[in-house]
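Asker: Respectively, the protein sequence lines represent chains A and B. Sequential numbering of the first sequence, starting at 0, is according to numbering that gives the first Met the number 0. Sequential numbering of the second sequence, starting at 0, is according to numbering that gives the first Met the number 0.
You may find that some hints are simply not true.
[As the list claims (entries may be wrong)] 20 Å max Cα-Cα, derived DMTMM-like pairs, lysine to aspartate or glutamate:
#1 A:Lys26 to A:Glu50
#2 A:Lys6 to A:Asp49
#3 B:Lys52 to B:Glu5
#4 B:Lys52 to B:Asp80
#5 B:Lys207 to B:Asp156
#6 A:Lys26 to B:Asp80
#7 B:Lys240 to B:Asp215
#8 B:Lys57 to B:Asp193
#9 B:Lys57 to B:Asp94
#10 B:Lys57 to B:Asp236
#11 A:Lys6 to B:Asp236
#12 A:Lys6 to B:Asp156
#13 B:Lys52 to B:Asp81
#14 B:Lys52 to B:Asp95
#15 A:Lys16 to B:Asp81
#16 A:Lys6 to B:Glu210
#17 A:Lys26 to B:Asp81
#18 B:Lys207 to B:Asp236
[Stated by the list, open to error] Where chain B lies over chain A, by a calculated footprint (3+ residues, C-beta under 8 Å):
#19 2-15
#20 26-35
#21 49-63
These are calculated hints, taken from the structure and not from any lab test. Glycine residues also receive a C-beta, built at the ideal position from the N, C-alpha and C atoms.
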Amino acid sequence: MCSYIVKTALLPVSSAKGPDGWLRVDKANVYYDHPFHSPLDHALGIDILDEAGGRRLALELSPDAARALVAAITDALETGEREHGMLPGHTALTA
Amino acid sequence: MSYPYEGQIAETVTLTGHNGDRIEAYAARPLGPGPFPGVVVIHHMPGWDDWTKEVTRKLAHRGFAAVAPHLYCRLGPGSPDDLAARQRAAGGVYDDQVVGDCTGAAAWLRGLATSNGKVGVMGFCSGGRHSYLCACRAPDVFDAIVDCWGGNIVVDDPAALTPQRPVAPVDLTPALTAPVLGIFGNDDHNPTVDQVNRLEAALVAHGKAHEFHRYDGAGHGFFAVNREGYRPIQATDAWEKVFAFLTRTLN
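All chains, full assembly: derive it from the sequences and hints.
Answerer: Here's what the structure looks like:
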């Protein structure tokens with residue numbers, strides 16, 4: 000069934016590259032619905048938005064792809080902050 | 000020629016919708032003097048897409064003047080999928096606006112010189128819900144309804160009732176005057192078999208003419224040839240049910 004499931008994440012200090020080059024983006028809408036382009040019945044959709052500029056970068060992912068992406072994002076974030084950030088109990092790598 | 004001439008014109012048009020707004024629509028009609036019955040085609044949540052326009056042309060090929068209003072065009076300019084994304088983020092389109100746009104589309108069809116005066120309404124998924132809703136809210140406008148797997152006509156979760164969709168259309172069944180054709184896959188999750196049973200029970204209880212066809216081995220959206228849920232055997236049979244119903248009720 001067509002769904003109205005939409006979850007929103009604000010994206011401070013973020014950028015995206017589209018076919019016309021780089022743009023500042025500020026919001027992501029994540030939804031689960033019939034896709035526009037994908038051949039799946041339902042897909043996990045992610046719209047990365049420059050809301051003020053009316054521009055959108057869109058993804059349509061299978062559920063497996065979406066979960067793999069979540070895992071990769073979490074892994075990269077944890078690894079990156081551990082190796083390059085200043086988390087309590089961790090020291091940054093020396094240059 | 001060995002076979003009678005066939006031809007159609009298919010194009011973007013402008014018509015008057017809800018609140019007197021001029022909205023865009025995709026129309027297809029057979030060439031020739033007619034008279035031809037009309038069908039309003041209601042697109043689903045993902046928007047005014049290629050599928051919707053293919054259905055419009057398919058109806059024209061089978062002798063109907065069809066028009067599919069772009070329910071999200073007020074959010075434009077932009078591509079249909081961009082406007083669908085904006086509409087989804089805004090919680091969907093308001094029922095009142097859909098009814099206004101679709102009754103406007105029906106008036107546009109009746110205004111054609113080739114019209115026979117009869118207009119049906121047909122929709123898929125959320126469009127199926129909107130078809131049922133329009134026929135209940137404007138019983139003097141629509142002469143037949145085709146509900147293809149419309150979900151949330153029967154509503155079990157109160158959270159599904161929103162400012163945009165404040166009513167369960169099944170509750171408006173007493174106002175219905177036109178016959179209903181329902182096409183459903185028995186593997187669908189919305190509407191479920193139980194929900195379709197309850198929709199049918201409401202039509203029976205209120206003495207409304209209806210004809211339901213339910214298909215084993217088919218889920219939601221089984222007409223869509225570009226989706227994994229496509230079921231050619233069931234879809235081929237169901238399309239013939241659609242055309243037989245529309246031919247009988249709109250001529």
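Asker: Now look at each hint and say whether the structure bears it out.
Answerer: Taking the hints in turn, this is what the structure says about them:
no.: 1; hint: A:Lys26 to A:Glu50; verdict: holds (7 Å)
no.: 2; hint: A:Lys6 to A:Asp49; verdict: holds (16 Å)
no.: 3; hint: B:Lys52 to B:Glu5; verdict: holds (19 Å)
no.: 4; hint: B:Lys52 to B:Asp80; verdict: holds (14 Å)
no.: 5; hint: B:Lys207 to B:Asp156; verdict: violated (25 Å)
no.: 6; hint: A:Lys26 to B:Asp80; verdict: holds (18 Å)
no.: 7; hint: B:Lys240 to B:Asp215; verdict: holds (16 Å)
no.: 8; hint: B:Lys57 to B:Asp193; verdict: violated (31 Å)
no.: 9; hint: B:Lys57 to B:Asp94; verdict: violated (27 Å)
no.: 10; hint: B:Lys57 to B:Asp236; verdict: holds (15 Å)
no.: 11; hint: A:Lys6 to B:Asp236; verdict: violated (38 Å)
no.: 12; hint: A:Lys6 to B:Asp156; verdict: holds (19 Å)
no.: 13; hint: B:Lys52 to B:Asp81; verdict: holds (17 Å)
no.: 14; hint: B:Lys52 to B:Asp95; verdict: violated (23 Å)
no.: 15; hint: A:Lys16 to B:Asp81; verdict: holds (17 Å)
no.: 16; hint: A:Lys6 to B:Glu210; verdict: violated (38 Å)
no.: 17; hint: A:Lys26 to B:Asp81; verdict: holds (15 Å)
no.: 18; hint: B:Lys207 to B:Asp236; verdict: violated (24 Å)
no.: 19; hint: 2-15; verdict: holds (count 4)
no.: 20; hint: 26-35; verdict: holds (count 6)
no.: 21; hint: 49-63; verdict: holds (count 3)
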